[in-house]
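Asks: Following the hints, position chain B against chain A.
Note that the protein sequences, when read in sequence, are chains A and B.
For the first sequence, position 103 (counting from the first letter as 1) is numbered 103 according to our numbering, and the numbering increases by one without interruption.
For the second sequence, position 59 (counting from the first letter as 1) is numbered 59 according to our numbering, and the numbering increases by one without interruption.
Just so you know, the hints here were simulated from the structure itself, not pulled from any lab data.
Worth double-checking, as some hints may not be accurate.
[Said to hold, decoys possible] Each pair of labels, with its calculated beta carbon distance range:
no.: 1; chain 1: A; residue 1: Q142; chain 2: B; residue 2: F158; range: 36 to 42 Å
no.: 2; chain 1: B; residue 1: R185; chain 2: A; residue 2: E37; range: 42 to 48 Å
no.: 3; chain 1: A; residue 1: D15; chain 2: B; residue 2: F188; range: 45 to 51 Å
no.: 4; chain 1: A; residue 1: S182; chain 2: B; residue 2: N48; range: 44 to 50 Å
no.: 5; chain 1: B; residue 1: F158; chain 2: A; residue 2: G184; range: 50 to 56 Å
no.: 6; chain 1: A; residue 1: H73; chain 2: B; residue 2: R112; range: 45 to 51 Å
no.: 7; chain 1: A; residue 1: L3; chain 2: B; residue 2: D102; range: 40 to 46 Å
no.: 8; chain 1: B; residue 1: F158; chain 2: A; residue 2: R112; range: 23 to 29 Å
Cβ atoms here follow ideal geometry from the backbone N, Cα and C, with glycine treated the same way.
Number of protein chains: 2
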Amino acid sequence: MQLLKERILSEGRVDREDILKVDSFLNHQIDVTLLDELGREFAGRYENTGITKILTIEASGIAIACFTASHLHVPVIFAKKTESKNLDSDTYGTQVYSYTKDKYYRVRVSKRYLQQSDKVLIIDDFLANGKAVFGLKEIIEQAHAQLVGVGIVIEKGFQQGGQLLREQGIRVDSLAILKSISPGRIIFE
Amino acid sequence: MQLLKERILSEGRVDREDILKVDSFLNHQIDVTLLDELGREFAGRYENTGITKILTIEASGIAIACFTASHLHVPVIFAKKTESKNLDSDTYGTQVYSYTKDKYYRVRVSKRYLQQSDKVLIIDDFLANGKAVFGLKEIIEQAHAQLVGVGIVIEKGFQQGGQLLREQGIRVDSLAILKSISPGRIIFE
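Looking at chain A on its own, in the form it has when it is part of the complex (with noise of 0.2 Å):
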């Protein structure tokens, strides 16, 4: 997507190898209405398949989830990291790899608000390794739903998240993907 690779150049900062920092925009500050255009693309490429909730991961996937969710008029699911007073005991739940934190958490949603029924789409800023959307998939399986596909904002194509999805026959819709990043440098597949 254009205006979003357009973004990425202007305002992307490469500090050290493998981290490229949108934090101008994505996930730290957030241009709402560059997400509101980004969340009407993956609208429009979901729109005729069905979907019942976008499911993603607190907390930088929840500003994207839900500028699609407003597109598609469904509603957002965020996967909750910590143990909280405010969540349901009866859950869904699985351990994730932290790439940018180094670090392994549980990741669970409640049972109340995913269902047989539900044909889901997951929604998240990056994907590096997979490990969460793996971890959102499992989810889904838990709760004998349906995965629909998942919908990125920036893949790191040199790593294997998007590759090993693809492989078993998930669809994958990433905005923008990286082909290399290195200090000063930029390049998209």
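Replies: Only chain B this time, still in chain A's reference frame:
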């Protein structure tokens, strides 16, 4: 706001003394149509105040902050709770106590995204003892920016956060204020 109160009465659950669960529409599953309406309401109340940024805290403030920002046409910044390779080292920050998680955590905002010229609206899903809002207020002060007001979806009127903020002359707009909650019984002010 009547629309919100009706939703709280029909779907809110009080399982134990002072915790209201509204995770069917606000902070786990998200009803994006409702939140867009709530965001429109906040935007209407602050439309002539020159807001330049909306500040919230991950994770459950992000959705309502984004919908409010869409109507005000300003960016959102969400303060981060955890260490991450994606966050600049040069940040404003403070310690905040989480009531629902019963622990202290560090809250940070990159110095890139808050300037002295910013007029900031804080948005969050809940206001209880006010610890999160006071933390965000401190970050705004560190940036020498201006706190214009605080928009809250649900204020627990029986806890002291709202009173403490208003006593300091801070404008607080809560769309629903709870007078008391107990299992099976929710009363608004």
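Asks: Which hints, by number, does the structure contradict?
Replies: Checked against the structure, the only hint that fails is number 6, while the rest are satisfied.
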